[in-house]
Amino acid sequence: MNRSWIGFLASLALVGTAWAQRPDTIVIAQGVDVTVLDPNNQLETPTANVLANIFDTLYMRMPDGSARPWLATGVRAINPTTWEMTIRQGVKFHNGEDLTAETVKWNFDRVIDPARPLRISNSWANLASVQVVNPTTLRFTTRNPFPVFVTRLTGFFILPQKYVTENGNRFLQEPVGTGPYRFVRWVRDQQFELEANPNYWGGAPKIRRVIFRPIPEASSRVAELISGGVDIITNLVPEAVNAVRASGAADVRSVPSIRNIFLILNTQNKPDSPLANPRVRLALNYAVDKRTIVKNVLGGFGQPTGCSLNSYIFGYDARSCQPYEYNPTRARQLLAEAGYPNGFTMTLGSPNGRYLNDRQVAEAVVGQLGQIGVRVELRVQEWSTYVGQVLERRIPTDAVLLGWGNNEFDADNSLYSLFFGGTVRGGPRQVAFSYIRSVPLDNALLQAQRTTDPEQRKRLYLDALRVLRAESPWIFLHQQEDLYGVARRVDWKPRPDERLFVADMALR
Amino acid sequence: MAAYLIRRLVLVLVVVWGTATLAFFLLFLSGDPVNLLLPLDATPEVREQFREANGFDRPVWQQYLSYMGRAIQGDLGISLRNQTPALGLVLERMPASMVLAGAALLFAVIFGVLAGVIAAVRKGTTLEFVVLFFALLGQSLPVFWLALMLILVFGLELRWLPISGYGVGPIPGLPAFANLILPALAVGTFSMAAITRLTRGGVLRELRSDHVRTARAKGLGERAVIYKHALRNAAIPVVTVIGLQLGNLLSGAVITETIFAWPGVGRLVLTAVTQQDFPVVQAAVIVFAVLLAVINLVVDLLYGVLDPRVRYA
Numbered sequence: 001m002n003r004s005w006i007g008f009l010a011s012l013a014l015v016g017t018a019w020a021q022r023p024d025t026i027v028i029a030q031g032v033d034v035t036v037l038d039p040n041n042q043l044e045t046p047t048a049n050v051l052a053n054i055f056d057t058l059y060m061r062m063p064d065g066s067a068r069p070w071l072a073t074g075v076r077a078i079n080p081t082t083w084e085m086t087i088r089q090g091v092k093f094h095n096g097e098d099l100t101a102e103t104v105k106w107n108f109d110r111v112i113d114p115a116r117p118l119r120i121s122n123s124w125a126n127l128a129s130v131q132v133v134n135p136t137t138l139r140f141t142t143r144n145p146f147p148v149f150v151t152r153l154t155g156f157f158i159l160p161q162k163y164v165t166e167n168g169n170r171f172l173q174e175p176v177g178t179g180p181y182r183f184v185r186w187v188r189d190q191q192f193e194l195e196a197n198p199n200y201w202g203g204a205p206k207i208r209r210v211i212f213r214p215i216p217e218a219s220s221r222v223a224e225l226i227s228g229g230v231d232i233i234t235n236l237v238p239e240a241v242n243a244v245r246a247s248g249a250a251d252v253r254s255v256p257s258i259r260n261i262f263l264i265l266n267t268q269n270k271p272d273s274p275l276a277n278p279r280v281r282l283a284l285n286y287a288v289d290k291r292t293i294v295k296n297v298l299g300g301f302g303q304p305t306g307c308s309l310n311s312y313i314f315g316y317d318a319r320s321c322q323p324y325e326y327n328p329t330r331a332r333q334l335l336a337e338a339g340y341p342n343g344f345t346m347t348l349g350s351p352n353g354r355y356l357n358d359r360q361v362a363e364a365v366v367g368q369l370g371q372i373g374v375r376v377e378l379r380v381q382e383w384s385t386y387v388g389q390v391l392e393r394r395i396p397t398d399a400v401l402l403g404w405g406n407n408e409f410d411a412d413n414s415l416y417s418l419f420f421g422g423t424v425r426g427g428p429r430q431v432a433f434s435y436i437r438s439v440p441l442d443n444a445l446l447q448a449q450r451t452t453d454p455e456q457r458k459r460l461y462l463d464a465l466r467v468l469r470a471e472s473p474w475i476f477l478h479q480q481e482d483l484y485g486v487a488r489r490v491d492w493k494p495r496p497d498e499r500l501f502v503a504d505m506a507l508r
Numbered sequence: 509m510a511a512y513l514i515r516r517l518v519l520v521l522v523v524v525w526g527t528a529t530l531a532f533f534l535l536f537l538s539g540d541p542v543n544l545l546l547p548l549d550a551t552p553e554v555r556e557q558f559r560e561a562n563g564f565d566r567p568v569w570q571q572y573l574s575y576m577g578r579a580i581q582g583d584l585g586i587s588l589r590n591q592t593p594a595l596g597l598v599l600e601r602m603p604a605s606m607v608l609a610g611a612a613l614l615f616a617v618i619f620g621v622l623a624g625v626i627a628a629v630r631k632g633t634t635l636e637f638v639v640l641f642f643a644l645l646g647q648s649l650p651v652f653w654l655a656l657m658l659i660l661v662f663g664l665e666l667r668w669l670p671i672s673g674y675g676v677g678p679i680p681g682l683p684a685f686a687n688l689i690l691p692a693l694a695v696g697t698f699s700m701a702a703i704t705r706l707t708r709g710g711v712l713r714e715l716r717s718d719h720v721r722t723a724r725a726k727g728l729g730e731r732a733v734i735y736k737h738a739l740r741n742a743a744i745p746v747v748t749v750i751g752l753q754l755g756n757l758l759s760g761a762v763i764t765e766t767i768f769a770w771p772g773v774g775r776l777v778l779t780a781v782t783q784q785d786f787p788v789v790q791a792a793v794i795v796f797a798v799l800l801a802v803i804n805l806v807v808d809l810l811y812g813v814l815d816p817r818v819r820y821a
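Chains A and B supply the protein sequences, listed in that same order.
Okay, so the first sequence: first residue is 1 according to our numbering, each after it adds one.
Okay, so the second sequence: first residue is 509 according to our numbering, each after it adds one.
Bound conformation, chain B alone (with noise of 0.2 Å):
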């Protein structure tokens, strides 16, 4: 368990060095910042001046040492925009990008869980089609479509949630609940979809095999045969799934954030991007490679917990 441990911290590591080497080459060849930092009249010798000291004047290898020595260290360089570190400024944006993941998530989990459940129970009746149909709808409908339709229903029409923004929540730093509701709705869909499906597959499967079959003949009733036997047996693929969505949920709200006004890290990254901030990228790419990694990580060790076949080494 230890060697196991010890390997797996080592290919963090890994991955957290080639995705950061990777987004550096790649930024580098999307352009040069200067020209979108610069107003379009400044001087030629101004912008020379800007590269200079901004250190872009030198060889790419160059600049991929320094600023991997400097990471090392912690230094992710200072925003070009911001004119702060870049670190920070990321951070900073985590709490609320976590609270939308985690509410996302909670919502995806719990509705996507409890439609699977009656879906499967319901085989073969409008019941089981009409949430076998919202789930396909779920996962085909595009984010953005879905947040535009959601604040002209919920917030223009009815007006009854708040169109965007964090507002202000009883907890400092936690945002009103009611500005939470619409954007973990139009975040957490897509995975409350593919969590229904699969839950609904293998509770179908479980009221299919042998134990449950020997539950029901020793005269259990139907529900505990269902929550007991059925739903904890099918649990399994539905952690896995929900260990990669919660990644999803995390690194692909960019659109939502942005809709919505939501202060997280994804509506950052998306404002770098196109502003070439690279250091902000940069230091986005990296913080969301150590999250990803270590969730990984994580799930995996669960499986362990949930299914005692399962041995490292």
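This is chain A alone, in the form it adopts within the complex (with noise of 0.2 Å):
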């Protein structure tokens, strides 16, 4: 190769990567790209990450895990079905329409409407009607009590009324929110650009513009970082925690995630499960150390955790939830006292690649359990085929590994959604995962969900994880921790509900 080819091939390059390190863009990369430009009608989170600069939520989810007033200036109950909301004044959308109570009333008729269901209408049904009280004052009624309402509203973005229903289509191509950013452009599959909203409302952002790239790729993503293509990458993998900090282009950031890894024990796989002992379960979990599995197989990135909650959740007792210690002399012991002094074997399925080295942890587990004289066999799965078996109730194996996000922050969705045993006279029929019956613990859930009063929900949270202590039904692992590569230029802390706004970004 002579010198001028080298010198055509590098003007090549300084032409393909121009706009990379532009002082007032930054460029951010996901695994997948925006599916659909309707932030009220997807459920995923990559979509949502670039939508939420768009539009607005009339609560903001704050880093601690509480929900704050965004465009609604406030919300209160008046009865348990009835709630009152006051909306910000003189906010307007990107095309200068304004934000009333009837722009927000007529986003939640859109989504309750039965004719034409959304994809977030599900979490909705609960609301009745929605009554417009006054210009800046609105009035909802719900079918039941609704104490996650406050906390639901996190996730509901209000789009301008007028633009919608007159041109339709167009908004699902230039779509128009009262966000901190514009729409500019979305080319499918390879970049999707904001540019900053001079006016917001909430003062105009620092960063110009914004590029959103789909990159696919784990180990293409953090070439493009350390090259300085992008400026953010999520999803980083603890493999490639080292090449990213030694680059001297960019650092590692984490946050503990909303996300908790456990093993669901399955006392129903066959007929006299050593599993359907309390005292056997008790043993799994003090044979499992937690603490050598994040350090070694989690890169240190995460935290052992003792129950399906975690510190951002409404309803969480730091007492109720701590770790079981490692202590497999006890578990033994416990193992003797249950009847299996020589242990036992079980199954243990596993997902490969949904969860952070999920099937690493789910074979370091298996190691650990051996040393207490319970083998266990592992089956890892394609995650398709596994969730199905998991959400239908038809696992195969004796325990299941299992994360559990919770868009939510609030424990009616890390403990109801997963341990409702359905024997409350007269109440819903099993709803959840888990596979332990508990009147006292159904009675917590399903009052919990019946009251909207935030001290008595904790009491009963509290009741219904002392149970759940009590009965140790599964093995809980940890929480989750969420990597990103950060290019040394910007300014930014990662948040639990994996948002990525680039309004509290900045570039030095």
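Simulated from the structure, these hints should not be mistaken for laboratory data.
Where is the CB? At the ideal position from N, CA and C, for every residue including glycine.
You can take every hint at face value.
Which chain A residues face chain B? A few, computed with CB under 7 Å, are given here:
{"id": "1", "residue": "Val36"}
{"id": "2", "residue": "Leu43"}
{"id": "3", "residue": "Asn122"}
{"id": "4", "residue": "Gln190"}
{"id": "5", "residue": "Ile215"}
{"id": "6", "residue": "Glu217"}
{"id": "7", "residue": "Ser220"}
{"id": "8", "residue": "Ala223"}
{"id": "9", "residue": "Ser227"}
{"id": "10", "residue": "Gly229"}
{"id": "11", "residue": "Ser384"}
{"id": "12", "residue": "Val387"}
{"id": "13", "residue": "Leu391"}
{"id": "14", "residue": "Asn413"}
FRET-style restraints, in silico, Cβ to Cβ:
{"id": "15", "chain 1": "B", "residue 1": "Arg578", "chain 2": "A", "residue 2": "Glu84", "range": "44 to 50 Å"}
{"id": "16", "chain 1": "B", "residue 1": "Lys631", "chain 2": "A", "residue 2": "Val237", "range": "46 to 52 Å"}
{"id": "17", "chain 1": "B", "residue 1": "Pro678", "chain 2": "A", "residue 2": "Arg499", "range": "35 to 41 Å"}
With the hints as a guide, bring both chains together as one complex.
Shown next, in the form of structure tokens:
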């Protein structure tokens, strides 16, 4: 290759990456592209991460997990099935349209319209009607008490009524919101471009231009970050942490995520399953060394847990959620007391690649249970088959590894959805994945759904957590951490809800 | 000729129908898309509603018949994830895949034929050994490894070329040239190696043949002998392979497109398969079946042009 040829290639490269590292532009790479432009008709994190810069929600999730007024200025419960909401004044959509109580009512009517269900409609099935009281006040009537009303508002985006009703299809190509960034263009699988909204009600954002790029392959994302082609990458794999740190161009930033990882124990997989004995389940919890797993399998990115909640979630109690200590001697003792001095054999299912190093975590558990004489056979399965079996309660193994995120940051989602056993007379049938049956537990979970008083709900969830502690229904492992690669020039802290709010970012 | 063409076109339809049917039932066997599309905490009632709304609750033969009925009218369904027509999503990404396949093929043909001729002419020298070594390597390297190595060397170490993406080219809809180079190399290497070996064999055979000996005997220059007499006759099997490779290049760039974040059909299909977006997978399968059947037909017709002895009846 002669010199001029090299020069030619080099000049091409300059053309190709000219837009990277511009002082007023940030480039963010996620694994997948946006799917649809209607934020209330999707349930995907990468899509919501982009659209949340264009659209505002009524409430905003805070880094500690709490919800704070945003486009709404406040909400109060009038009685268990009536809520009153006040709306921020002077907010305008990018096309100049005003935000009013009428706009908000129209948005809710659109979501609860039974004739045209949207992907988020299910979360609002409890909402019966919305009335406008005056231009800044609304009244919500629910069918049953709706304690998660406020927390669900953090996922409800506000669309411009006039623009959507007058140009429905155009809205799905050129979305308009009230958010800190305006839509510029979207070329599918290539890039999604935004520009700052200088008239944003919360103040003009610092970064002028934003480009979201979908880069599916994890190692390509890392290479782009190190070469300066992109500024932030999501889902950094622990294996790439050292390469990013050594590059000098970027840092690794992490945040404990809302997702907990655990092993569901299937007490009904075989007749007289040892797992039906609470002492055996407690022994298994003592036999797993969570700290070592987090340190060696997750590169230190995780926190051991002792329940299905974590500190972000309303209803969490540090004492009842303390990780079970690692104590193999006590575990062996408990097994012997339960009548299994020589252990037993069981099977464990695990996905491969759904959660951070999931298969390796399962392998570590297999090794540790082996230490107390419990011989575990691991069965790794493809995710779509796996999740179907879990959801339909057709788990073919004695245990399965599962992760649980919680969009609502409320214990209802991490306790009722996982453990409600359907034992309450006249109450709902079983909805959850747990195999234990406890009337006090079910009563507490159901009552907490039917009251809107936060203090009373906290007490009820504490009761539930105590029952769970006594039963040790599953093997609780850890809370995951989300890993990001972030260019040195970017000032930003990752959030537990995985959102990528560019208005929170600055370029140094 | 006309009868032959009609017969072949009917065959194309049969192939496309067969492929679509096979794909439909294979996808059906792969599980229920509702479980992947809805969050884990969706209630059983919500799942049931979603199944009904999308027709997944009906018996499989009913789903099949209604799908085929609509497919004949050109309606290949709505993407479950993107909520837009599946066929549109596939066709939208076709240009990117074609540009990549075209560039890879161009690279493979130019360098493959050149290397093949060199290896044949320099038979027995170190040069031949080097060419053959790389040809063997080119056919044995897994494409994902090659792609990552190219990124590492040219994107990260030397910083000569962009690592991923389509870039913005001078012509709207076409990629930046710099962005095209690495993916085209990754995709084209296997074909290039195949063409090298085939060209070498063909040219070697021709160089030993009577007409080449005659050409040399009448005092023709060596260059003319090789390019006019040996290579032209060695071209027929190479054209066949190029036709076959084009199909491979178009449909087989799944991994390369994913690694280089290339906005092509392969990457779309990979995402759709993992997310069980049935309509998109199905639409892509049908589009590729049509495309490959047509390419094969064109190659068969080309034989007649290249080799006057071939007759169609």
